[in-house]
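Asks: Chain by chain, the residues run as shown.
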Amino acid sequence: MEKKYGVYICKGCGIGEGVNIEKLANNVKGMVCKTHDILCSPEGINLIKEDMKNEGVNAITIAACSPRVKTEEFDFPGALIERVNLREFVVWSHEPNNEETQSLAEDYLLMGIEKIKKGDLPEPNILQDLSSTILVIGGGVSGMNAAIEAANAGYKVVLVEKEAQLGGFANRLYKKIPTGEYFNKPLIVDTDIDKLIKEVESHPDIKVYKSSKIEKTEGQPGLYDVTVSTNGGSETIKIGAIVLATGWKPYDATKLDYLGYGKSQNVVTNIEFEEIAKKGNGKILRPSDGKEAKKVAFIQCAGQRDQNHLPYCSSMCCATSLKQARYVRQNNKDAVAMVLYKDIRTPGRLELYYKEAQNDPGVMLTKAEIKGVSDAGNGNLFIEAENTLLGEKIKLEADMVVLAAGMIPTTREPQEYLDGLTLAGTKGDEAKAKYIEETPKPEFILNLSYRQGPEIPSLEGAYGFADSNFICFPYETRRTGIYAAGGVRRPMDMSEAQDDAAGAAFKAIQCIDHVSRGVAVHPRAWDITFPDPLLIRCTSCKRCTEECPFGAIDEDEKGTPFYKINRCRRCGTCMGACPERIVSFKDYSVDIIGSMIKTIESPDEETIRIIALVCENDAYPALDTAALQRKKIDPAVRFIPLRCLGGMNLVWIADALSRGLDGVLLLGCKFGENYQCHFVKGSELANYRFGKVGETLNKLQLEAERVQLMQVAIAEYDKLPDMINEYVERVKEIGPNPFKGF
Amino acid sequence: MAEQVISPDLKFVEDVIASGGGDLKKCYQCATCTVVCNVTPDNKPFPRKEMIYAQWGIKDKLISNPDIWLCHQCSDCTAYCPRGAKPGEVLGAVRKLAIQHYSPTPLSKMVGDPKYLLILFAIPVLLFLSYIVPKGYLDFSAIPRGEDGGIVYSKFMPVFPQIDVTFGAAAFFAVVCFVLGIKRYWTDMNKGVSAQGNIADSIKATISEILAHKRFEKCNVTKDRKTAHLLVFYAFIGLAITTTLAIVYLYGFHYESPYPLYDPLKLIGNISALALLYGITSVTGNRLKNAEKAGKGSYFDWLFITVIYAIVVTGILSELLRLANIALLAYPIYFAHLVFVFFLFAYAPFSKMAHMVYRATAIVFAKHTGRDK
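Keeping their order, the protein sequence lines are chains S and B. Numbering follows my numbering, in which position 648 of the first sequence is assigned residue number 648; successive positions increment by one, without gaps. Numbering follows my numbering, in which position 213 of the second sequence is assigned residue number 955; successive positions increment by one, without gaps.
To be clear, the hints were calculated from the coordinates, so they are not data collected in a lab. One should not assume that every hint holds.
Here are the simulated DSS-like cross-link-like pairs (lysine-lysine), alpha carbons at most 25 Å apart as the crow flies [what the hints assert, rightly or not]:
{"no.": "1", "chain 1": "S", "residue 1": "176", "chain 2": "S", "residue 2": "333"}
{"no.": "2", "chain 1": "B", "residue 1": "753", "chain 2": "B", "residue 2": "857"}
{"no.": "3", "chain 1": "S", "residue 1": "185", "chain 2": "B", "residue 2": "768"}
{"no.": "4", "chain 1": "B", "residue 1": "753", "chain 2": "S", "residue 2": "333"}
{"no.": "5", "chain 1": "S", "residue 1": "395", "chain 2": "B", "residue 2": "768"}
{"no.": "6", "chain 1": "S", "residue 1": "367", "chain 2": "B", "residue 2": "768"}
{"no.": "7", "chain 1": "B", "residue 1": "753", "chain 2": "S", "residue 2": "291"}
Bear in mind the structure is a predicted one, so any value in this text is a computation, not a measurement.
All chains, full assembly: derive it from the sequences and hints.
Replies: Here's what the structure looks like:
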């Protein structure tokens, strides 16, 4: 593209008062440069549009406010745009009208111009023969609702269920909790799962495969080839996006033998209790002797919120036990349901359900820590508890004990197996072979033919749930195009699963729409750039294929990386990972950032200049917010945004320091897969690479303290300026970089 | 810490609910009640543990527990309860069930249940009618008059044997019931608890505490109950003195009623009656005023209050109508007065009247075991 540059400087929002605009504009050489009082006004926008029309300007540098605001005003299709943040990063966070502030504004403007000079107008990469069919895996409440939502939105749906009939757990339930008002209404109602099954099976746009499994999932969003094995045969279907609704399994209660499970037939899980109620059509006939149970104890959090078992809360068990207490009570006025809990957790409107259940005299509740369940003779059981609110140990006798065992996602077992396999692999081929031989292989769900493994990868703190960042991006898994709904995403009840299904279905639709336009699916949902590696220089080191947080890069037989571009989220982690620096985006590359850094020069040998590479997702907004609050930052620092700190390349640090800059600051998010990072753990990856920066500094004989990485959350805007200023003070104490002026 | 086997008694839970603890089940055991209670001891405080026992129907732990009587139903707990479970009212209901449990006759159920109210009144009504109907006294003109032609109630209903034998028997019955009940209660309370110190000291301390009504002072929400209850309490003592004097007059000096208004007996009696009227009116007023915060009270409570009200009103009217010589009203009102007094005496061990005996006993026990200092 033949670039015709235009630079537009806004004087509004205090920029004109804090910076000498005329002097600033004088730095722009050989290109159109205009100033305006309020650039985002219709007149200002028109000024740019006129230049585009009359002068053919197509590479526009807008020096005004933060690129995070006024995105609609400063949107000029067909042009390359660079936003220079004079408002937040210069005038709002620095003393007006002094030499350092002026120098800061000039450096930012020159960096912006450099970036637009180096960058190119991106063209979207739209793949051919895209499918818009949505595959839903799992025919339970979540899966069926997702299928209906997607089909009603006009998409073809393929629903794959491994059982012989649709319905999932709902088939096993006797009754469910009503979703309307609880007051003075029946507190247990029919699940009506048959109606939902009928709706799915009779929908013209939903094709149902029962007794079927996913044999293989190949390809990428829009271009999946999914092989479904069914009735001995198999069929390969073109799929656009996938909703993963494979649900959950009850926690293995045999691990709860201290609660009597496996020792007495009359100790059952909450799911088994449903089946007993369903079988007896409401009558609770206990397994040991078929006698009607009149004194049923419910032990909440059985193996939940317990470091030895499940550390989390399954969120639905309290309400479920309260519902099941109704089963005990409904046929028998003398029957009692005794609910022993750590805490009753009935979120949202279910609190009212709890209150209603509480009012039944035969539903007895109290807090207790269960020490054990033992035989009391005649099939009855003693429950021993301590830490009760009575300040005493108690012992209760019951006909039957129901354990509120928790939910584990169906994705967990494959993840654990695969993690074990990876670990065994690190110990050598022999250990790996032994592992494969000795470990029972769990049922896989997706069977992805991805370089990074066949299933959704495990995520620290997600306990096997198919999650990537529940804070910001529900439904997103770590595999683009695959969206989790229902119990496989997080513990939830049926009515939540119903809502969840709609969310995941719409994410799948969004995915199909974005890939059809060549736009990143998520979270850079506007981005048409994509990584374009210069493979001729690739050494097949595999760092990119290993480090990509989303498994977007496969390898060919020779180990050369092979991008599946529709899986890519454009975070640039591969760009940071590549030791050959061959990965580039049209407007984001090692060279572009490096060139921007090179525009910065100290005016003299005493003046400190520091660059800060800043995570766009957390640290950058935090800086904007700090500026909005007029918090002052030392003018020695120039911020350069990175899509993710995972894209940080060490050469930038080496270049900066060898060119005489006095320090490099990296602002990333918190380490770990702790849900803060938009791209899983870019900041931690940067830190890992950063560990090697010592060598560079040694070679240059520079102090290690000149380079520092800080972890910042978006909410820490109040602390951030002080953190930065303290760092600048430390660099000032060390003194100017001796390479200055070389 | 002793381990206790808990066997929930659903019937008991339903009884508590039916006896005025209607909001018992709303409790989620947070202990706000225990925190705001100024009356509870610090060690093993009430009323949360009582709420849990009540919700789980652990009857034996509750009714033999002196704590339910250490509670004076200030209702601070009820006012601050975040779920509106009204612990004060629940404990009131539990106390009623405790009274019923320890009184060994079927009457205990009947007094607590409005279904039997008519039967309970029918007993004294028929009894007293049986004295007057054979004499033809339903025709008031047939009733002999005094020497000055004035109404003399003892000529309508002779003091001996009718009145004194009847009330003597009723009182005896009540005392026997109380003794039996307290004996069982004392035995139950003593299980697993060791007493300490001198019982006489505990009794002395209890009496002085009751006379001063000290515990009521700790209440917040129902602060003004102290004066009202104190008035009723001392009025009853005054009326007891009046009755004793009447016995002394009659059997010691053969001095028969009616007595002149300046007589010490009359003076004490009339002052006590007015104090009782004022006191019970205040009790009622306070209850109505605090109903929103402290709860409306149970049938058991209101029956007791109503009977006292009826006694004092019919008593005062009997005297006034006698002095005014309005026979048409005087005799029926006096008759009613006797019926209500009988109700109070004979049913005392089963009605809320019993609280004076059980509460006093519980306080003695609590002091004796170091539970209450």
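Asks: I'd like to know which numbered hints this structure contradicts. Please list them from smallest to largest.
Replies: none
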